[in-house]
Amino acid sequence: MKAHIFVTLKQGVLDPQGSTVQRSLQQMGYAAVQSVRIGKFMEVELAGTDREAAATQVDEMCRKLFVNPNIEEYRFELR
Amino acid sequence: MKAHIFVTLKQGVLDPQGSTVQRSLQQMGYAAVQSVRIGKFMEVELAGTDREAAATQVDEMCRKLFVNPNIEEYRFELR
Amino acid sequence: MPRLSVAVVVFPGSNCDYDCFWAVAQFPQCRVQYVWHKDANPGRFDVIILPGGFSYGDYLRCGAIARFSPVMQAIVEHARQGRPLLGICNGFQILCEAGLLPGALYRNNSLTFICEHVYVRAETTASVFTRACASGQVLNLPIAHGEGQYFADDATLRQLEDGGQIAFRYCARDGAASAQANPNGSRHNIAGIFNAAKNVLGMMPHPERAMDARLGSCDGQLIFKSMLAAVSA
Amino acid sequence: MVTRLPQDPTITPAIIAEHGMTADEYQRACAILGRAPNYTELGIFSVMWSEHCSYKNSRRLLRTFPTTGPRVLIKAGEENAGVLDIGDGWAVAFKVESHNHPSAVEPFQGAATGVGGILRDIFTMGARPVINMNSLRFGRPDTAAVRHLIDGVVGGIAHYGNCMGIPTIGGDVYFDETYETNCLVNAFSLGVMRHEELQRGCATGVGNPVFYVGAAGRDGIHGATFASTELTEESEAKRSSVQVADPFMEKLLLEACLELYKTDFVVGIQDMGAAGLTCSTCETACRGGSGIEIDVAKVPQRERGMVPYEILLSESQERMLVIVRKGCEADVQRIFEKWDLHAEQIGQVTDDGLMRVQWNGVTVAEIPARAIAEDAPLYSPPAERPAYLKTVHAWRLDAVAPPHDLTAVLTTLLAEPTIGSKKMIYRRYDHMVRTGTVVLPGSDAAVFWLKDADKYLALAADCNGRYCYRARNVVCSGGAPLGLTDCLNFGNPLKPEIYWQLTECIAGLVEACNAFATPVTGGNVSLYNESPDGAIDPTPLVVMVGQIACAAHITTQWFKHAGDTIVLLDGRQDDPLHGVGGSEYLRRTHQLKTGTAPVMDLAKEKALQDCCVAAIRQGLLASAHDCAEGGLAVALAECCFTMPSDNVR
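These protein sequence lines map, in sequence, to chains H, Z, U and P. In terms of the numbering used here, the first sequence has 36 at position 36, counting the first letter as 1, and numbering is strictly consecutive. In terms of the numbering used here, the second sequence has 68 at position 68, counting the first letter as 1, and numbering is strictly consecutive. In terms of the numbering used here, the third sequence has 211 at position 211, counting the first letter as 1, and numbering is strictly consecutive. In terms of the numbering used here, the fourth sequence has 376 at position 376, counting the first letter as 1, and numbering is strictly consecutive.
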C-alpha cells in the first residue's frame, strides 16, 4: 500500500523559496502567477493492506517525524 | 485557479534523503515501512479560469524552472 | 577543586564536535569527553553541549531525526534537572525539534548557506551562559548555516521578549539590531534563545570558533567562561 | 574456466568500437588473456584502458615530472595520493582531480560528486581530510545559462564540503569565453596523519578476506566512456549517467575508516572511484603482487537484477574496498555497523596473480591483475606547433594605443569578475570549521593551522589560461613550497596542436619544478575538453602546498600601517611587451587574446622568492602581494581594500 503525504508551511510562515520562485516566474513572463508555495511530497510504501492501521501509522509518523508543528501542516492520501 | 505540482526523483536515481528517513522510521519501530521517496510539492495560484491555457503554462514552468530533467520527473493537477 | 565534567554529544553527521572539544579543553578545570548518540545512559555531566553539523545529513529537517537518538532521553533529563545545556547551530535546531526550546529554525531567506563573521548583542547577563558579558555587549562571532532563520508565532515571541528569554540578537558593529544586520531573516533578529529556566541555550553563531585571536575573535570565550564559572560556583 | 553468460551479446567490431577500444587494443587484450575476452572482460578492459583511467595519451609525458625529494613518503602514481613529511612524525596527503564533464551535464551533482571522489582518495591513504579547495572555470557570467551553471557548481561543492565538516578555504575562479560550454571543476583536498597511520592500497596475505562497503547501483555506468547494447530492458531503462552525491554517507564512511585505522585489522584499502569495483580489485592485487577472487553476487545492490557487467563497472558513490586481516572479520563488521554502514565480504586474496570474478558459481572473468592495471597501451600522438602562435608572437605593443585614462582602465579591470572579489562564492563555503583557518579566503594564499601538529600550511591554487606560476602566492604568505599537485585540462590530444600544447606545458612545469626543487606528488589529466568551436585554452592548474615555519611569519596581502614603504621586487626579463602580452588588460580593454607571455627567468624568479621569504623571516615585511592578473595597478588596489575587518557586516 502507498501513502502520499503533503507537508506544507503554515500560513503566516514566510516561504523564502516560494517567493523567490514566484519572482523568477514573473520575470520569465508568467504574469498570471499570483503565488507559489513549496513543500515536501513523500511517497511511503507500507506492507499490509489494512487501511485503518495504515492511516493511524502514517498519521503518527507525520506528527512524530515528518512535520514540525511550529511551522508546518500536513495531509495524506492512501493509494 | 490552483495548480498542484509533484516533482519526484526518477526511478534508479539515488534518494539519500529517502533512504535515511526510511532507516530512521524502521529504527523507530515502523517495521511496515518498505520504502520512502521524498520530492517537492508546489501550489501555484494562477489568475484566470481557462484550464487549457493554464495547463500549457504550468507544463512550461515545470520544464523550464521546477524540474531538473537529468534526475527528476513531474506531474500536476489543476484544481 | 573537583573537575567539571563536560559532554560533547556526537550524532552521525556532527562536524563541529572536534571544535567544541578543543574549545572546552582549553579550560584546565574541565574534563571533556565525546558521548555517542546511541548511548542511552551516558551518566551525569555538569554541562552538555550539542555541537553544530549536519546530524543525519539534515535530511527532512535539520535535527528532525537526531531528536530520536537514544541519548536524547538523558539530555532531556539533564535539562529538567536545571543543569546547563548548550545547543550550537545544528544543536539549536535539535533542541527546538525536541521541544526543549520553542519555535523552529528553517531556510535562510537568501536561500544560500552563509559563512562569515557577524555581530550579536548579548540581551541579558542574568544567565548561566552570559554572566561574564557586560549588558548589551556586542560580540564578534562567526555563523555558518543554510537554515538559521528563527521562527516562532507572535504569542511565543511575546513570551520570549517578556520573559527575557532572548539571549542574542544579530546587530551592527554599534549594537543596533537593524534589518540590514540580520543575515537570515530571523524574527526580531533572534540569534539565540533560552528556555524559561534559562539553563538551556540554543544559538546559531559558533562561540567555539571564536576562542583564539588567530581565528579572528576571542569573544566566544565569554560564553564558555560564564558557563564554567556558574557551574563551579 | 571462464564462461559466456546467456544474455551476453556476441562481441563484434561494432561493440568493440562502442567500448572505445581500437582493434589493436582488442588484440592486445586477447594476447594478455591468451584467448578472446567474454563480454564482461571486454567491459573491464575498456574501462581500465579508457583515457580517464589509464592516461594512455599523457602517461609518457607525466613520467618526466620530478617526483622525488627528501620529504616524499609516497611518490606520484604509487598510490591514490602522494604523501609528504612535514616534520615531527606528521605527514600530509593531497591531490587535485577534475570532474569537468559530469558538472557540465548536471552542475550540482557533478561538482558535489567531484568533491566526494577526491576526499575518498585522501582518507583511503589513512589521512583525515582537513582542507578543501577548488579551481573553477566558467564562461562570462552574462547569460542565465552560465549563471545557472555557476550557482549549481558552487552549490554542489558547498553542499558536500559543508556536510562533511571540511573547510573550503581557498581556490580560484576564472571567467573566459573559452569555457562557455565546457566549464572546469577541479577539486583539491589535503589530509593530515601520523606517519604510522599511512594506509596502502594493496591486497596482500593469501586468504585475507576482501570487504565491499557501500552499495552498487546502475548510476555512472555510461560515465566510464562507453556504451553497451541492451542487456536487460530493466537495466537500459534505469541506467542514468548522473550520480547523486550523499555526503552524509561519506561522513559515516570517513569516521568508520579512521576508527578502523586505529586498529591492525586492515591490510589494505582503496576507494572505488572511476571504474568502481573493477579498478579497485585489479589495482590492489597489482600493488600487492598477489591475486584477488571476488563473487559479485555477494555485492550489496541498490537495484534489482544487476548483472556482473553492471556491478563491476558501476560508479556509484561513497564506496570502499577493504582487505582485512584474516580472523578480524567480525571486528571490522562491528565498526561499520556502529556507523550504520553495510560491509559485506565478497572474496579473498589469492596468490595466482589473477583477478577472478565469480557470479553464482560461474567464473565470469579471469584476467592477470598486473597486466590490466599497468600494461595499458601508451601513445605519443603527433604534436604540431599551433598556427595561431605565429600571429600571437608577431604582435607588437604599438598595435594598440596606450590608454589615455588609466583610472578608467583600472576600474574596468577591478570590475572584471575574474579579478573582482569572490566573496559571494566563498561565503557559501564553511571555511572556518575545524578552527584552523588563520588566513581566510581573499588573500594570496590560504593559511591553515594544524592544531594537533602545531604546524602551519600555506596553500595556493591558480592557473591563468595564458601562463602561470604558483610558488609566488605561497611565498608571499611566508611559506616555503613543499610540493605541488596539478590538473592538466586540455582539448582533444589527437589534434596535433593540442598535443603540442600539452607537451610544452608539461615541459614548462618540469623546468619550474626542478628550478624550485618542488616535487609533483600526483594529480590528474582531463582531456577532450572541447566546445563546438574548438578546444578550451590550455589550463594546467597547479595547487602548491607550502609550510610556514611559525605563526610570526604568516603574512597577508593588505597594507597594515600608514607610512610603511612600498617596495616592488621585479624579476622580469627585458620584455619588449612589458608584460602586456596575454594580459587581462589586453583581453578586456582591447578584446585581444594575443602577445607573447612574459618570459620567466627561473633563476631570477627563485632569487626573488628567496629574497621575499628571507625578508619575511627577518620581520621586515608587514604585507606581501604577488602581481598577477591586472598587473601592478590591480595589485596595489587589492592591497588597499582586502582588509577583512571591513568584511564584517
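Among the clues, some could well be false.
The list that follows gives simulated cross-link-like pairs (lysine to aspartate or glutamate, EDC-like), each with its CA atoms no further than 16 Å apart [unchecked claim]:
1. U:Lys-38 / P:Asp-340
2. Z:Lys-10 / H:Glu-72
3. U:Lys-38 / P:Glu-303
4. Z:Lys-10 / P:Glu-303
5. H:Lys-10 / Z:Glu-43
6. P:Lys-338 / U:Asp-154
7. H:Lys-10 / U:Asp-154
8. H:Lys-40 / Z:Glu-52
9. P:Lys-422 / U:Glu-116
10. Z:Lys-40 / H:Glu-72
11. H:Lys-40 / Z:Glu-73
12. H:Lys-10 / U:Asp-153
Quick caveat, the hints were computed from the structure, so don't treat them as lab data.
Regarding the pair Lys-10 (chain H) and Asp-154 (chain U), is the alpha-carbon distance no greater than 16 Å? holds, 14 Å
Just to be careful, I want the Cα atoms of Lys-10 (chain Z) and Glu-303 (chain P) compared with a cutoff of 16 Å; is the pair within it? holds, 13 Å
Are the Cα positions of Lys-38 (chain U) and Asp-340 (chain P) separated by 16 Å at most? Roughly 11 Å between the alpha carbons, so the hint for Lys-38 (chain U) and Asp-340 (chain P) holds.
Going straight from one Cα to the other, do Lys-422 (chain P) and Glu-116 (chain U) come out at no more than 16 Å? holds, 13 Å
Between Lys-338 (chain P) and Asp-154 (chain U), is the straight-line Cα distance small enough, at 16 Å or below? violated, 43 Å
Is the hinted pair Lys-40 (chain H) and Glu-52 (chain Z) satisfied, with a Cα-Cα distance of at most 16 Å? violated, 27 Å
Between the alpha carbons of Lys-38 (chain U) and Glu-303 (chain P), is the straight-line distance 16 Å or under? violated, 30 Å
Within a Cα-Cα threshold of 16 Å, do Lys-10 (chain Z) and Glu-72 (chain H) meet the stated pairing? violated, 26 Å
Would you mind confirming whether the straight-line C-alpha gap from Lys-40 (chain H) to Glu-73 (chain Z) stays at or under 16 Å? At roughly 15 Å apart (the allowed maximum being 16 Å), Glu-73 (chain Z) and Lys-40 (chain H) satisfy the hint.
Are the Cα atoms of Lys-40 (chain Z) and Glu-72 (chain H) separated by 16 Å or less? Holds - the C-alpha atoms of Glu-72 (chain H) and Lys-40 (chain Z) are around 14 Å apart, at most 16 Å.
Is the straight-line distance between the alpha-carbon of Lys-10 (chain H) and that of Asp-153 (chain U) 16 Å or less? holds, 11 Å
Sort out whether Glu-43 (chain Z) lies within 16 Å of Lys-10 (chain H), counting only the CA atoms. Distance ~13 Å between Lys-10 (chain H) and Glu-43 (chain Z) Cα, so the pair holds.
Consistency note: the structure conflicts with the earlier hints numbered 2, 3, 6 and 8.
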